[in-house]
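Protein chains in written order, with my numbering: chain A, 1 to 181; chain B, 1 to 324.
If a hint is listed, it holds; no wrong ones were tucked in.
Each computed EDC-like pair below joins lysine to aspartate or glutamate, with the alpha-carbon atoms no more than 20 Å apart: (1) A:129 - B:324; (2) B:79 - B:102; (3) B:310 - B:151; (4) B:304 - A:128; (5) A:149 - B:278; (6) B:99 - B:87; (7) B:81 - B:210; (8) B:173 - B:159; (9) A:149 - B:292; (10) B:173 - B:163; (11) A:129 - A:41; (12) B:79 - B:59.
What the hints contain is simulated information worked out from the structure, not anything from laboratory work.
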Amino acid sequence: MGLWAAIVLLFALPVVASCGGGGEPAHAQGGEHAGEPSVPDADIVIPPRTTQLATYPCVEQCHADRVANPTPRPLREFHSAKHIEHGDTTFWCNFCHNFDNLNTLHLLDGRTATFDEAYRLCGECHGDKRRDWALGIHGLQTGFWNGEKTRRSCTACHDPHAPRRPRFQALPAPHPRTGVQ
Amino acid sequence: MSDDPNTSSEPSAQELVDDEDLATWLVAGAEKAQATRRNFLTTMAGAAGAAAIASTGCDTRLWEKYTQKHYKELNAADKQKLIARVEAEAADRYGVEIKVGDPRPLPGVGYAYALNLSYCIGCRRCEYACARENNTSRDPEIHYIRVLAIEKGTMSVEESESDYEGAVPSPDKYYMPVQCHQCDHPPCVRACPVEATWKEKDGIVVVDYDWCIGCRYCEAACPYWARRFNFGAPTIRPSEINPVQGLLSNRLRPMGVIEKCTFCLHRTRVGRYPACLEVCPTGSRKFGNLLDPNSEVRQIIQSKRIFVFKEELGTIPRFYYYFD
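Isolated chain B (complex conformation) (with noise of 0.2 Å):
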C-alpha cells in the first residue's frame, strides 16, 4: 500500500456524496480542523460576538462581558466600566435605578462575629432582613442563614432541623442560625478551579460574580452549607430590590453563580451594622472589629464561654458562638 494520499484507493468526500453542496461544506470543515484550536475559538467567538451584535442591539455590553477580566485584574477604568454595565442590566432586567459602589477593606480591621445561642428564639427575622438586603432570589428562595432548631441537651446538629414552624421558642429547643463563617482557613477557597472566590484583607470571603463558572466545587467544600447556587436567574420584584449595592456582595447576580454571605460588606466597609444583626428582635447578634481590644465581639471573646462550629476541621472561622 503506498502512503501517497493522491494514490490512496479511499474515494475523497466529493466522491462518496452525491449533493454538491454538501460536499463542498464536508472540504470546507476538514480544512478548519487543521486550523490550531485558539485559531478556531477566536474564530468562533468572533462570530457569536458578531452575531450578537447584529441581533441583539446592546452590543458593546455582552463584548465587555465575554472580555470581563477577573475582578483583581481590573483597573479604576475597568472597574467603572463594570459598574456602569451592572447598573445599566438592572435598568434593562428590573427596570430599577440601583447604585453600585466598591468599598474596599479597612485598614487595622478584621471583621468577626458573635452570637448568643441563649437568647436567639429561631424567628427568622434575620433570614428574610438578609435576603431583603442582599436581594436574594425569591422564588427558588435563597436565603444566606439557615436557623437549625436543635434538641436542648444535646449539640447534634446531624438531628437539628431547619424547616420548622409555629410559635417559638419551642420550650424543648435552642436555635443555632448558621451562616458564611468566614473561615481564615476556607476550604471553599481552596476547592475554587478558577480562583472566583478569595479571602479579602478584612476576613471575608468573596465572590467575583463575573469569574465564578458555576461548577459548585465550593457549595461542596463548605462545612457550613453556607454557600447558595443560582440555579435560573434569580426573580425578585422590582419594588424589593435593594438599591444600595456591592460589588462583591449583593448586587444582582446573574443565572449559574455561586452567591454567599459577606457579612453585608457594602454595610459593614463603610461602619456600619449588617442588616441581620439590626433586625433580630433579642439582640443575640454582636458584630464588630476583632482587632479593636474594646469592640463587642472582643468583649464577648474575653468574657463568656465562646465555641466556633466544626472546630476539629481546621478552618478558623470568624463566627463564634456563646451561652451566658
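The following block holds chain A by itself, in its conformation from the complex (with noise of 0.2 Å):
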C-alpha cells in the first residue's frame, strides 16, 4: 500500500508542480497583455475610439446614478437602435461590457480593457485574427511600410454590436474608348 501511494504520489506530483508554475507566472506578472499576443511594436499608432464615442464617457454622462440591467429584453427608451447581430443572439451587453465600470470593457477572466483596446476582447473568440492583426496582415495600416503605421483597432472598421459590413455600390467599371470618336 505504501508502495502504491508512493508511485501514485510520483506521478502526480510533476502534474501539480506544472500546473501551479503555468498558472503562477500569467497572474505573478499581472501585466495587461499577459498570455495575449504581442503588443503592438512603438512605431505603430492605433486610433483611440473614446475620442469618437458619442456617449463616452459612459458613466459621467448616464449611468453615473443609471444602473445597468443585465437582464437580456427588449429595449425600449435607450440604446434602442442597438441591434445585437453578434454571437448569434447568445449575447447580452454584459458579456462584453464592464457592468461594474461601464467605461470600459471585460476580458474571459475578469481583467478590464478600455475602449481604445477592444482588440484584446475581440481577439479572445477570434484569435486567428488577432493573431494575423498583431503582424499587421489583418486590417487596414497606412503610413509607412518601413517605418510609423496606423493600424486600426478592431472597432474602426467593424461595427461590435454587428460585425457582418454591409454590402454597398461599386464605383463605376472604366470606360475606356471604343472605336473612333
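Two chains, each in its own frame: build the complex with the hints.
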C-alpha cells in the first residue's frame, strides 16, 4: 500500500507542480497583456476610439446613478437603436461591457480593457484574426511600410454589435474609348 | 547600246518637263538622293528643328525632347534638365505647378504585394485611387487595376467579368484585382525592341516614357493585361492632377506611350504604402519588403497558402494572392 501511494505521488506531483507553475507567471506578471499575443510595436499608432464615441464616458454621462440591467430584454428607452447581430442571439450587453465600470470592457478572466483596446477583447474569441492583426496582415494599415504606421483597431472597421459589413455599391467600371469618336 | 550616260537615248528631266522650275526641283532631288541616308536624315531633322524653333517659340524644350537620351544614359545634369522640361510642359499644357522627383531603389529592398481574395469585395476603390495617384487619362479612362469577378467554386479567369455593376460583394462571386505583377522574368521587357522598359533593382518594372516608341509589343506580351496605351494625349482636369510625381512613374504622359503600375514607386521608394493599399476599405492589400523577414508580405508568405497568377508561364511574379 505504501509502495502504491509512493508511485501515485511520484506521478501526481509533477502534474500539480506544472499546473501551479503554468498558472503562476500569468498572475505574477499581472501585466495587461499577459498570455495575449504580442502588443503592437513602438512605431505603430492605433487611433483612439473613445474620442469618437458621442456618449463616452458612459458613467459620467448617464450611468452614475442609472444601474445597468443585466437581463436580456427589448430595449425601448435607451440604446433602442442597437441591434445585436453578433454571437447568434446569445450575447447581451454584459458579455463585453463591464457592468461594474461601464467606461471599460471586461475580458473573460475578469481583467478589464478600455474601449481603445477592443482588440484585446475581440481577440479572445477571434484568436486567428487577432494574431494576424498583431502581425499587421489583418485590417487596414496606412503610413510607412518601413516606419511609423497607423493600424486600425477592430472597431474602426467592424461594428461590434453587428460586425458583418454591409454590401455597398461598386464604383462604375472604367470606360475605355471604343472605336473612333 | 552604249553605257555612257551622256550618249544615252533617254531624254533628261529638263527635256521631259516644260516647266523650268519643276525640272530644276527634280534634278535637285536626284542629286540629294545620292547623299547618304544619315546625311539626309540629319538635314531633315535640322530643317524640322529649325522650323519648330521658328514657329513655336518653345525652342530649346523641343530640341531637348528630340535629342533626349535613354534614361539609363542620363547623368545628374541631364536628369535635372529633363525634370525641368517635364515641369515646364505640365505648366504649359495644364497650367499646374508640379514637383517631379526621381527616387532610386533603396538598398536591400525588393518589393512584393500580397492580396487577400477572401476579403476583397470588388468595390473598385483601388482602381480610382490609382488613377488619381498616377495621373492616368480620364477619357478614355485608363485604370492600371482590373478587378475580375469570378464565379465562386471556380478559378476560371476566362469566364470572369470585369464590367460588373451594382452592389458588391455579389453572393456568388469573389473578386480578383489584377495589376502589374512586377515579374522577375518579365515577358514585356523581353518584347520591347528599344529597351524602353526594364526591371529595376527593387523589382519594379518601369517605362522610360521618352524612349517608348509606342509599338505595344509589351502590351501584347504581358499575360496579366497589365499595360495600358495612351492612344491620345491623356485628358485630365488640372485640378485633379497629383503634383507629386516621379520621373519613371506617375508624371504626366505624352500621347503614344505605354504605361503601367509601378507599385507607386514615387511613394514606396520613400517608404510609403501604395495608393491602392491605403484606400482599400477591407485591408485585403498588403505590401512590403520581400527581403525583410518581419515584413507583412513575408508573414503572409510564411503563414498563408499563397499562389501566383499563371504560375505555369514562369514569369515569377512579385504579386501573391491568397485565401484565408
